[in-house]
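Peer 1: Chain by chain, the residues:
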Amino acid sequence: MTAETPTGRPDPRRRRSTAHKLLRDPQAVVTAGLLLFIVAMGLLAPLLASHGPNESSLDHIDAGIGTPDYPLGGDHSGRDIWARLLHSINTSVVSALIGASIALIVGVAAGLVGGYYDRARSATEWTFSLVMTFPGLLLLIVLMPLTGGDFRITMAIFGVLLSPGIYRIVRNQVVGVKNELFVDAARVSGLTDRRILARHVLFAVRGPVIIATAFLCGSSIGVQAGLAFLGVGPATVPSFGSMAAEGFQNLYIAPLQVVWPSLVLGTMTASLVLLGNALRDTLEGATRRPSKVAALKAAKASAVDDASSALLVVQDLAIAYPTPSGELNEVVSGVDLRLEAGETLGLVGESGSGKTQTAFAVLGVLPPEAVITRGSIRLDGRELLGLKESELRGLRGRTIAYIPQEPMSNLDPSATVGSQLVEGLRAASGVSRQEARERVLALLARVGIPDPEHTFGSYPHQISGGMAQRVLIAGAVACRPVLLIADEPTTALDVTVQAEILDLLRDLQEEMGMAVLLVTHNFGVVADICDRIAVMRDGRVVETGTSLEIFREARHPYTRMLLDSVLDEETVRTDPPAAASPMAAVAESAGKEK
Amino acid sequence: MLLYVIRRLVSGLVLAVLVTLITFLLLAPSFDGIVSNRIGIGVTSEAVRALKADMGLDRPVLVQYLDWLSDAVRGDLGVSFFSGEAVGHTVGQHLGVTLSIVVVTLLLTVAVSVTLGVLAASRGGAVDRITQAASLTGHLVPNLLIAIALVYLLAIRLKLLPATGFTPVTEDPAAWARSITIPVIALLVASVAGLTAQVRGTMIDELRKDYVRTLRTRGISTRAVVLRHALRNAAGPALTVLSFEFVALLGGALIVEKVFAIPGFGSYAFDASLQGDVPVIMGITLFAVLLVVTINLAVDLVNGWLNPKARIF
Amino acid sequence: MATPLLEVKDLRLAYPGQGFRARPVEILHGVSLTVGEGETLGLVGESGSGKTTIGRALLGLAEPSGGSVVFAGRDITCLPSKERRALARDIQVVFQDPYTSLNPSLTIGDILSEPLIVQGATAKDARGKVGELLDRVGLPADAAERLPREFSGGQRQRVAIARALAPEPRLIVCDEPVSALDLSTQARVLDLLIDIQRRTGVAYLFISHDLAVVRHISHRVAVLYRGDLVETGPARKITATPEHPYTRRLVLASPVADPVEQERRRAERRRLAAEAAPDVA
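Heads up: the protein sequence lines correspond to chains U, C and Z, in order.
First residue of the first sequence: 1, per this note's numbering; consecutive thereafter.
First residue of the second sequence: 1001, per this note's numbering; consecutive thereafter.
First residue of the third sequence: 2001, per this note's numbering; consecutive thereafter.
If you are wondering where the hints come from, they were derived from the structure by calculation, not from laboratory data.
Watch out, some of these pointers could steer you wrong.
What the hints assert, rightly or not - Only some residues are given here: those of chain Z computed to face chain U with a beta carbon under 10 Å:
#	residue
1	L2033
2	R2074
3	I2076
4	G2109
5	T2185
6	Q2186
7	L2192
8	R2271
9	A2273
Claimed, not checked - DSBU-like cross-link-like pairs, simulated, lysine-lysine; straight-line CA separation at most 30 Å:
#	chain 1	residue 1	chain 2	residue 2
10	Z	K2082	Z	K2124
11	U	K178	C	K1209
12	C	K1159	U	K388
13	Z	K2237	U	K21
14	Z	K2237	U	K178
15	Z	K2082	Z	K2237
16	Z	K2129	Z	K2082
Built from N, CA and C at the ideal position, the CB exists for glycine as well.
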């Protein structure tokens, strides 16, 4: 909950209507315009072409382009290619409408019901897994005796075959939304299920369904063309597929005949896919962009006065993230820290203060988009900024180690606890597999895990949060690092477990003589374990001092404000309940202090 | 584990029975047409009725289905109405042709998509942009058009490969490889596009997870973290997509077979369906469903092996 | 003592077990507690103790497998959904996570007027009431036009409190309402809750894992441990002189924000632990 987001406060300007955003997206505008144009051409076919799609004339067999009244020439039966092309558009559009709407109606309805009502889910799941088992195209062919090849009936069946995809999207969304607290809150507010579905659930489904619709139309058009290409359906129905098939037969004589239907068909499906993608970007935010895992943009370490013999010296460190507009937004602006060997420094601050970012910078594991704009991080006199990933790797685990906040998400869910620790130990120290295994088992025992052998072979989801945190501590101290960076190591744990973990950390520190940089927002934890404290606010260190100094005579007003906010032992509620019952009043009067 | 497999197999069989039953019921109304098809045009309705009785098509539909089912269980799928050949044998033969194309495509899809997806997700930059553009192009064009374009380019224009026809692998492996090259490429484009996008997406999500950072802080190389940990966790959703692609490939193969005049499952099914050859249609449906059930089971088993949390056995 | 506003008796709750032929897992093993009119009962427990489940059972979001819940003299343990909905007038909730408890696509005004309209208010009346509600939780009136994502965690929690206040309920279940907030925000939201209680006489069932927070707002405190209520009493007594060994452990494990005092407390906790397991020491 206290994780720091580098993106900063939401920008009110981002509140734009979806339609407005779509209109500003050239990809959406161009593809939608193209589609509208094609559809309009189809609708106006009787006006634009001088022949019917099935009118054949012996004089115009394989007529060339530009033949009067036959703008694109004639096919091998002497029919007007231009007219057939325009009428084929209508076939495609009808196919898309039927296929997509059937898939949407069936999929959305079943998805809402199956997602919202737990009791109905197994039935819908089963039905749709049955539908998914039909190999679509094959089934449509197999059912030709039933459909007579009529493309409308065929597309209706295809719509049903497409519906599992929609069902899954809707069901997943609904299940996700249903467990959201705001749906619970709506229920507590007295809303009926129908109203909750309509108002709170359907909105979440809206985006993905709109996107999927574009793809549904695309695949309906593609399948209809494919079937017609195979020869399903009467020859009198003009279709890109049958035109392509005929053109394909004629490939050696008139190669262009296959090009026209392919061109229009390709344009339609491509526009639908591109439109779908544009919709996705607009409705779901920009696509996830990867960036090189290890690469970190860092400015050359600034020259700094080198008078310190401390273990870790951070000077004038600044970290920034690019904003959507391309500028850099600083989240850490000139942090100075100093940590002596064997000492514990508490880095304290509220969410967004930049404390975790500072810790990640020392470890060299900032997110790839982060930029270190200036500053210096020196460990034992050696500058860390600007080191290559391979050089940093040599330090990690052996010299600097890390304990994360959330124990569960920091273990690979599909590798056993033991194998993860062994891998880390071997990477950092290069010992044999057998030796690594023995050392890991000893470590697990050392961090207080009752049955090391059993935990070694367990998967993360099979152990408790407290155990997982002990495992992570074992992983961190496996190579006796000089500096341990602990990022809110007890925040996710229960108080009683927190006390045990803090004890463990203190013991390990004494035993191994490590320095600890402890990032936390909890002054109780700081009071328990830290020698010195640095208070951070808005990317800067506002005050540094020994624990006693900070707690007893803090100078900076922000520190004092924070300490005043701590709910200490003395804050006990003493006023009686508003409509006090006599007994409670008596009980409360026993301790009147505030 | 064994219990789980058995349970899944049983439910798969139930599914196969249901699908064939539905197919049979859907076909039943067209039996009249089928019979007159077989006799030819212009016969008396009496002759049709006689033949129908002769073929056993006048009995209640359910009885006919059960009859078919009990034979099928014993491995007898009947004979074709028209050619008189044993359905089980011919379906198997044609399916083999199609499967050889689909399986090769599937294997190549996995190899290409995983490589591209992982590279795009972990390198970013130019690799990623090229991958995304390629994957989008694959989505854009129906594979019917890709097949036509390839035939025109590779076979007719450049004369590099045979345009049509098929050589069984048992006859001449080299000729077989040449004969399926264009069909496989035609199918590959779309399936690689789909799977690459999936692998890339899940890998990006996976690489942003906390455990990736933590493993890195232990001194484990980025490469090992990506390949040994992130990829394994990203494989689950990708496998699910792969099982859908298998079904899609079966469909795509039908069209590609037609373009390249390959005597596969598709043309066989098409002819049978056109004639209303009920035993053949039923045989094809049964084979297809069993195939899909098997693939889904295999995917679930691999998924369970990869992801201990999903282990239901 | 007069009839309490809420009386929970021997509440049991079990979830169906995971997997084949698994037995149901009982989360609550017969919990009894009362909340008086205008009173705050703090419910403390660690993760998995069942504290959130109690709240959900009261709200009708989880179905008890035994025991009874009596609200204002009426048994509400298992109400038909229509009557349960009508109860929204009297029992409301504030959840832990202010980020997921507000529908991200509705404006604050819509979020606040929804419960009012459901209870039969006209759209116009609801609008007017929204302004009043915002004022009561210390948010500017123009907040009604904005979306949840434009607000910080503390502000969102104020919106959630305003939503709970909308039908003027007699009891609000507060499920860890300040755990997701920063220290300084935490104190301000707690003070707001206390202030509202003084003015309206609403009762709170205040669920939290944090003893310090509970102590700050509660008249009485109940300690929950693995589905059983181990100790109930006035806030001061529970935190100063706990009787049950678990409560004692809990109190000693909560660190104090003072290095000297904390060192003393740590020593005492370790001594206690050593006494409990002499063979280990």
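Peer 1: What are the numbers of the hints the structure violates, in ascending order?
Peer 2: 1, 2, 3, 4, 7, 8, 12, 13, 14 and 15
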